[in-house]
Amino acid sequence: MTVLDHRHLAAVPGWLPGATGPRSDPAPLLPDAAPVRVLGTPAVEKTDPELLRELYRRLVVGRRYNQQATTLTKQGRLAVYPASTGQEACQVAAALALREQDWLFPSYRDTLAVVARGVDPLEALTLLRGNAHTGYDPKATRTAPLCTPLATQAPHAVGLAHAARLAGDPVVALAMLGDGGTSEGDFHEALNFAAVLHAPVVFLVQNNGYAISVPLTQQSAAPTLAHKAVGYGIPGRLVDGNDAAAMHAVLTEAVERARSGGGPTLVEALTYRVEAHTNADDATRYREEGEVTAWAGHDPILLMERHLGAAGLLDEKLVRESAEEAEALAARMREEFHTDAVLDPMSLFAHVYAEPTPQLREQADQLAAELAAEAEVHNR
Amino acid sequence: MTTATPVRGARTSSMAQALNAALRDSMQADPTVHVLGEDVGQLGGVFRITDGLTRDFGADRCLDTPLAEAGILGTAVGMAMYGLRPVVEMQFDAFAYPAMEQLFSHVAKMRNRTAGRLPLPITIRIPYGGGIGGVEHHSDSSEAYYTHTPGLHVVTPATVADAYGLLRSSIASDDPVVFLEPKRLYWGKTEWDPAVPTEPIGKAVLRRTGRSAVLITYGPSLPVCLEAAEAAQAEGWDLAVLDLRSLVPFDEQTVCEVVRSLGRAVVVHEAGGFGGAGAEIAARVTEKCFHHLAAPVLRVTGFDIPFPPPMLEHHHLPGVDRILDAVARLQWED
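Here the protein sequences line up with chains V and C, keeping their order.
So that you can map any letter, position 220 of the first sequence is 220 in the numbering used here, and since no number is skipped, the others follow by simple counting.
So that you can map any letter, position 280 of the second sequence is 280 in the numbering used here, and since no number is skipped, the others follow by simple counting.
Incorrect hints may have been included.
Label pairs and their in silico Cβ distance ranges [said to hold, decoys possible]: (1) V/Ala368 with C/Asp325: 37 to 47 Å; (2) V/Ala368 with C/Phe290: 40 to 50 Å; (3) C/His292 with V/Leu343: 39 to 49 Å; (4) C/Glu230 with V/Arg361: 34 to 44 Å; (5) C/Ser105 with V/Glu336: 24 to 34 Å; (6) C/Ser105 with V/Arg361: 46 to 56 Å; (7) V/Asp340 with C/Phe290: 55 to 65 Å; (8) C/Ser105 with V/His378: 35 to 45 Å; (9) C/Arg48 with V/Gln101: 55 to 65 Å; (10) C/His292 with V/Ala372: 49 to 59 Å; (11) C/Ser261 with V/Ala372: 55 to 65 Å; (12) V/Ala373 with C/Ala295: 34 to 44 Å; (13) C/Ser105 with V/Ala375: 32 to 42 Å.
To be clear, the hints were calculated from the coordinates, so they are not data collected in a lab.
Beta carbons: idealized from backbone N, C-alpha and C, even for Gly.
Just chain V, with the same shape it has in the complex:
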């Protein structure tokens, strides 16, 4: 029996049999009425205190990572950095919800999720520094390259999850997208494929309010982005993206649901992009300062601190060690980026094909000759 044969299509009385009948009852597919919250609700009592402390530590380190990377762009040491400042809860939870064998498919704003997954923080930045496209080994780290085209990594997550399922491996793929990405065709095709193939995939949409300058109201007329799941026949979940405990709970549930054969889930995280789109963007042209200030009161670190403080879980040791880890990482970044990267121009031809074409061999010879001529002039 094949994997596809395992699907049971629900027969609804009153419909003619055949290819056009409804597939399943839509009622259980409706999204949460309100964003799921854990911090500040009774649900937090059921959450492991050690997990909360771990999330706090990672939020603090993540915030520092975002700040230092942003500073490096101002110093010209990074070509560009799309900061996830304010979105650290989404980033950290996405990484922690996955097991080692699972795959993460990040977008260009998800460097912090890649780092939280365990990829070396400096190797994760090569694309944005400009010295190499993907500095880490995607296979070894089970982390796809940071994807700059919008939503195009989503079908990859589906295909990988599908292949893993065919192989009988308990692997889940998690694809990260922004609110703008939900307007792209690849987003829709990926959700549809995932649903039809019953692939073990989780789509995480970080709705941070803006696609560069265009606000969500001009991006989608849907009541929520989680609603988009309904049309594809999969569950959609709405969650407070700044509540790290809620993000962790909802994503873990979706991941384990996928792993146990429950199929794909779409999770919409309501969050806010504190920084501009990138260092090349001027956010004051399209949003009011008051909006940014208002969101500061709902900051992911603040929410976590408030809870941990009230519950007596925020001891001095945790605060100090988190801050020290954050500073050590920032110092390592400054140190590494202080010097220019040493690059081999001949590597341009190394990985275009398994074997270079005759034309590429010729062009490689041309570049080698140019480099030799330059070196000769330099040595003279």
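Using the hints provided, position chain C relative to the given structure of chain V.
Chain C in isolation, oriented as in the chain V frame:
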């Protein structure tokens, strides 16, 4: 699950049947080979190239997908990342266009983006070209888009034996291959033996020797060129016909050897000439063989127009007469 045993030995069959045999034998030989696309399963593809594969290998190995080309190719990327060798069918040439971002931004570049850590052994089968009376969006020759994209191999058979051999090689390749099937050659039958290996991808083959000039061509224009070479004998021209078989890698060495020995060349293809494969070939030949040329390298191509309605397509497609006119212009200095 029943598994078909491939027929061995020489046989007479069409290109469509040879392609089916190549898919079947590849799937038999390598369990990681998976076929996917719209209508490839139960129907066996609209051209029946995937006929019987779902029956013989199961719906997981030959998968009927939703109708969405970016989704099909994007899903294949993920499958290849997990170790499979997907063979994707794009039903008609112009139907592949929604998948171009996946093709250009991911399929072609993944090896490069990941410094060789994630090669994508994907074969993308695209029936292409006119001559079958297809209405608009069913007859494009889009090879120039693919050849202009580094990271892709672009292969196009013109014979039944090559259809089998090149498709087997494409599926076995660790690089992504755009496999262009000349759909008007699907049904012509010849004898061939799958046990006899064809030349590798990247090697051009002289289909006819000659002493006066060479017609350089590929895919659907090969039979037209062979017919033109026959007809040209009456005019006193003894034409060689070179079948490129693969546009990337491009067999510059063989092309230049033939051109240098004959001094006169015409490049023939269906696609429009401006920015087309013929322009590239003519430029390269001129750069490398200038002193051996007795005449400019000429091109015989389709017009630079959107593919015309079927009742007018014969005016657009390069035929024997247009080739012979070009051959006459090769007199140049004579």
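Against the structure, the hints come out as follows:
1. Checking the proposed 37 to 47 Å range against V/Ala368 and C/Asp325 shows it holds: the Cβ atoms sit about 45 Å from each other.
2. A hinted range of 40 to 50 Å for the beta carbons of V/Ala368 and C/Phe290 is inconsistent with their spacing of about 25 Å.
3. For the hinted restraint 39 to 49 Å between C/His292 and V/Leu343, the CB-CB distance of approximately 41 Å keeps it satisfied.
4. Distance hint for C/Glu230 and V/Arg361: a CB-CB separation of about 38 Å, consistent with the stated range 34 to 44 Å.
5. For the pair C/Ser105 and V/Glu336, the supplied restraint of 24 to 34 Å holds, since their beta-carbon distance comes to about 29 Å.
6. Range check, C/Ser105 to V/Arg361: Cβ separation about 26 Å, and the 46 to 56 Å hint is violated.
7. As the Cβ distance of V/Asp340 to C/Phe290 is approximately 43 Å, the hint placing it in 55 to 65 Å is violated.
8. A beta carbon spacing of about 37 Å between C/Ser105 and V/His378 agrees with the range 35 to 45 Å that was offered as a hint.
9. One distance hint, 55 to 65 Å for the beta-carbon pair C/Arg48 and V/Gln101, is violated here, with the actual separation near 40 Å.
10. Under the hint 49 to 59 Å, the C-beta atoms of C/His292 and V/Ala372, about 30 Å apart, miss the expected range.
11. Against the hinted window of 55 to 65 Å, the Cβ-Cβ separation of C/Ser261 and V/Ala372 comes to about 34 Å, which falls outside the hint.
12. Distance hint check: the CB atoms of V/Ala373 and C/Ala295 are about 37 Å apart, consistent with the given range 34 to 44 Å.
13. Against the hinted window of 32 to 42 Å, the Cβ-Cβ separation of C/Ser105 and V/Ala375 comes to about 35 Å, which satisfies the hint.
Checked against the numbered hints above, the structure violates hints 2, 6, 7, 9, 10 and 11; every other hint is satisfied.
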